[in-house]
Amino acid sequence: MKFTQDSKELTDIARELRVDILRMLARSGSGHTGGSLSCIDIITALYFSKMNHSPHFGKDADRDVFVLSKGHAAPALYVALARCGYFDRSHLDSLRKLNAILSGHPYSPSTPGVEVSTGSLGQGLSLANGIALGYRLDGKKGTVFCMMGDGESQEGQIWEAAMTAAHYKLDNVVGIVDNNGLQIDGKVSDVMNIEPIGDKWRAFGWEVIEIDGHNMESIMDAVDRAVAVKGKPALIWAHTVKGKGVSFMENKVSFHGTTPSADELEKAMAELAAV
Amino acid sequence: MKNREKKSLRDAYGATLAELGAQNRNIVALDADLSGSTRTSVFAAKFPDRFFNMGVAEQDMISTAAGLAAAGKIPFASSFAIFASGRAWEQVRQSVCLSNLNVKIVATHGGITVGEDGPSHQALEDLTLMRVLPNMTVIVPCDAVETAAVMRRIADTYGPVYVRVAREKFPVIFDADYKFNIGKGVILRHGSDVAIIACGYLVSKALEAAEELAEEGISAAVVNMPTIKPLDEDLVIQMASTTGAIVTAEEHSITGGLGSAVMEVVCENEPVPVIRVGMKGRFGSSGKPEELMDYYGMNAPAVAEAARRAMALKTGPVQQNKKD
Ligand SMILES: Cc1ncc(C[n+]2csc(CCOP(=O)(O)OP(=O)(O)O)c2C)c(N)n1
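Keeping their order, the protein sequence lines are chains G and S. 138 is the number that this note's numbering gives to position 131 of the first sequence; each next residue is one higher, with no gaps. 295 is the number that this note's numbering gives to position 272 of the second sequence; each next residue is one higher, with no gaps.
Among the clues, some could well be false.
Some chain G residues close to chain S (C-beta under 8 Å, calculated; not the full set) [as the list claims (entries may be wrong)]:
#1 SER127
#2 GLN130
#3 SER133
#4 ALA135
#5 GLY141
#6 MET170
#7 THR171
#8 ALA235
#9 VAL236
Hints are computed from structural coordinates only; laboratory data are not their basis. Owing to the predicted nature of the structure, the values given are computational and were not obtained by experimental measurement. C-beta atoms are modelled at their ideal positions from N, C-alpha and C, and glycine is treated no differently.
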């Protein structure tokens, strides 16, 4: 795996990962496209630049942990884990197939590099807090990153966990909201408005860092700042575009849980190659 | 029987948890604003750094416990049985059981003996809810001695566990040197006409019923079955084949709990009549614990009557055909 601080290189990696995601989803014929593309730039920054991690670390290492609370974006996590060497890339071909190591949603017993099982929305931040509390008891240095959706933020448990992290001053937790504005039934603001989301997290005792979630330099800077926050948890409120990177998928609710057809894949590949 | 000393199972839980905490630094405890009632407060007083009060937020408590387990801790999470099993059922399934994480859920105030708080607080479905979950072990101790033994054993055994205790004090059945084994039932009384398989509070009632039956010349075996899952199938089959009639008794709905578990095994292996004593498809009401047990038919006379009925069914046509 290559670690880099160069945002141009990271942008290139993110583009390659978009290609991996789309190929994998087109082959599988089922899975979540839009929400995987919206968070892949952030996942790239974490896995290829900011997180202290390696497939060769033992469980005892002071490693950083990533929890994908919006588990349906599993493709974005899988392509990063594969490129980082957690498992052979050939497994990407068997996504969602019987006996494959890659389930439709992150399932920790079967996938190397997946820390906890997610997919039922709203539970990831609690899991992250638990890991962070365990780390604190053991004097471990790692940070626990937790990626949530804006639609997911409608789950009450998210706010229970927000209270917990603030109450226990978990400055080793960094939350990230992939704020792409869409959920399954439409715009988040139409289905069940969650704004003003930054104010809510602040009111719950979190440091909030607002960024463009597709600008690699901003992402890297935000991660550094979030990790540096002391005495309270930090949230990266990342504005993103669902389906980002493929023009005809961008901001389309219809691509939430659908995969590209052969034609669409070809068009998408051409677009991504042209970038 | 009626003169047995009564002791609190939750007191035994709190004391044993604190004892275990002194032996193993990895043990942590979580509660949802009921630590005084569940007795995790005993642990909290001794190990404040390893106790996490999660507030009135059971779902967050269970998933946080799962995260702690993922980080190598042995979390004991407690609340009233209805909230620990029901309010957070999906968290138990997704955060704990799916990843097979080492979380111990010790639920107090199970069953109808929670009493005056009424039906909203009487967990009569928790065993059903927990029993369907893969990887989950489900245990219902019958007295304070067994409760302490269960805690020591599960702290040493990897995997998710649900333990249900009650608010009330129960008669002490076992001597202090009692050894608990996960998945093993205990024959408390031998008998040849009918077997009563019970858990929790109903174990003491089953013993009383067996004495009542003995006076009528009926020889009833009594089995304490603390592990609802994995069930001691061999013992159930042995009881079915040696007595030919079974009664189950639990302070729980007859749907999905111990009675259902026993029936599943009996029907598939050694078909004999099984009569279930427990709550029959309804919610309870407020009242005194013993009053409620009597009113809803979870007492010694009800168990004895079920035994007579089970024995009567033994001589039915199915059994006769089998003998031909
Ligand atoms: C508890 C739960 N309820 C419902 C679902 C079904 N579901 C999957 S994705 C989704 C919408 C999520 O929206 P958001 O968090 O904004 O995700 P994104 O737009 O980033 O993909 C829903 C309702 C689920 N996985 N879990």
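Identify every previously stated hint that the structure contradicts and give their numbers, smallest first. Of the numbered hints, 8 and 9 do not hold.
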